[in-house]
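Engineer: Turn these sequences into a full structure, and let the hints guide you.
Sequences listed follow chains D and Y, in order. Just so we're aligned, residue 1 is where the first sequence starts under my numbering, counting upward by one. Just so we're aligned, residue 330 is where the second sequence starts under my numbering, counting upward by one.
Take every hint as true, because none was put in to throw you off.
Label pairs and their calculated CB-CB ranges:
1) A454/Y with H166/D: 33 to 39 Å
2) E170/D with Q502/Y: 56 to 62 Å
3) S107/D with A421/Y: 53 to 59 Å
4) G121/D with R460/Y: 46 to 52 Å
5) R218/D with A454/Y: 32 to 38 Å
6) E425/Y with G31/D: 25 to 31 Å
7) R463/Y with I120/D: 43 to 49 Å
What the hints contain is simulated information worked out from the structure, not anything from laboratory work. Beta carbons are placed, not taken as given, at the ideal position from N, Cα and C, and that holds for glycine.
Spelled out from the first residue to the last, the chains are:
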Amino acid sequence: MKTPIRIGVLQLADSAPVIMAHQQGLFARHGLETEIVVSPSWANIADGLAWKKLDAAAIFCPLAMMTALGRRGHDAFLRPLTTISRGGNTIMLRGVNPVETIWHAGSHGRRAFDVWRCGIGRRPRIAVVHIYSTHLLILRRFLKMIDVDMENDIELVVMPPVDMIHALSEKKIDGGCVGPPWGAEAERLGVAFRVGGSSSVFPDHVEKIMVTSGKLSRSEEQIETMTLALQEAITFCQTPQYRQDVIEALAASLAEGGLALPAEATRAVLPEGSAEEAINFMSGALQEHDIEWIINDMASLGWLENSEQQTLMRWSVSGAMTSAPPVPL
Amino acid sequence: MGEGRPPLVVLVADANPKRGFALSETLRSDSSLRVLTVPAEMALIDAVKLHAPDVVLVDMARADRDALDSIRALSQSAQERPIALFVDEDDAALMETAFDTGICSYNVVETPPRDVKPLLRAAIALYSRFRRTREELSEAQRILAERKLIDQAKRFFMKNEKANEAQAHRWLQRRAMQTSRRIAAVAEEYLASQKKDDLS
Chain D
1 MKTPIRIGVL QLADSAPVIM AHQQGLFARH GLETEIVVSP SWANIADGLA WKKLDAAAIF
61 CPLAMMTALG RRGHDAFLRP LTTISRGGNT IMLRGVNPVE TIWHAGSHGR RAFDVWRCGI
121 GRRPRIAVVH IYSTHLLILR RFLKMIDVDM ENDIELVVMP PVDMIHALSE KKIDGGCVGP
181 PWGAEAERLG VAFRVGGSSS VFPDHVEKIM VTSGKLSRSE EQIETMTLAL QEAITFCQTP
241 QYRQDVIEAL AASLAEGGLA LPAEATRAVL PEGSAEEAIN FMSGALQEHD IEWIINDMAS
301 LGWLENSEQQ TLMRWSVSGA MTSAPPVPL
Chain Y
330 MGEGRPPLVV LVADANPKRG FALSETLRSD SSLRVLTVPA EMALIDAVKL HAPDVVLVDM
390 ARADRDALDS IRALSQSAQE RPIALFVDED DAALMETAFD TGICSYNVVE TPPRDVKPLL
450 RAAIALYSRF RRTREELSEA QRILAERKLI DQAKRFFMKN EKANEAQAHR WLQRRAMQTS
510 RRIAAVAEEY LASQKKDDLS
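Structural biologist: Dropping the structure here:
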């Protein structure tokens, strides 16, 4: 009996291509037997990749990179296959927005922050989903844009996105940077307002990528077929006429193979949806401009050595290639 | 664990209260350990900050495990004791078994190393026992549910066809053999068709 390829995802709308490729039989059509593993935390995804519990995962670059560098205590031969999604992260705050727009760079944003902070009455507690996340880098850039120092002016906390909505309503946190559809859901429920996000900080930045691990990373044939299946699924998810199919699949319960996502917010964040921070599903190899800013920001946070930066830059390839070559680290 | 040393503070963070209690009780039999648990409703990271444990045993089903990854990165500014995932480089099989069983362990980085493998092994054993019990329980529940379905289908068949129980059972058995399915699946289909007839 063949052992299925175990693919890790979290309960997020940008996991859609993996879910659809599995449910619509795209993986199977390419001869791949797959099992979707819905993980409760990013740590589980990273440990799964490092400790042979997952063969692949939809993940953000910073955590994939830190895992590839052995930060989970074990060498992990990670290989980036394709980008999955771009954008989609929302920076949201509780309370009242002192201006009627999102917060713009410079003094406009800084003034809004100061007025809002007075209303909060404490050093704001802002949550991200994981320390090694695109969300943290986007949040840090946003704060810098409005002249707020992440290290001193706010208190950074880490919290699962689903918990953020409850924590905002309980005033345990004052804001957060989250992935889709949780930002749109928080806005819909009236527990937070949006001040910025992917679209205002780094439009179309690469968000989720597909990486393989271990033996699967060394199987050229499986890599090629998996990339093809994902490309088809990404095109499917990006096509407006299939949006309802995607919403239904993502809103279905975990027992039914879905991700139990809130349907209305999911509709808003899918491509061409009404949310400002809607996702774009795009396949293709990582380009230099996709990861250069991520690696630079990670280095400036003190997470990477010089040599590690060079090694990680090899995750990008020329635009002519459909998938990145293996990069033994 | 040697004599005269301060007790090793172990924090047990289990999403399953029964299993967490059982694990705590097991560990408490070792007098060199001070065992604490994460109260319900308290975030894992808050419990770590509150109790400042030397070792944290974490159920991997907890979504808030992600926060532990941040302690090390944020500890310089927050002046907190950095902790890191315990990894036994020489015993990859132990680590893989731990991940398989759904448990992992974190160490306080600045604490002088003490052998935490016995703790992890105890946790793995207990988690495996709970998993087996759960599997046995769900198998028992499945058998019970199937038995109920079959009995219900038999009752309908006896009423509809004016048959006795043996005849009803033979009919279900024959149909299962003809269609290469389990008797419970045939019973379920029969009941569904009865419901459909009732509605039409």
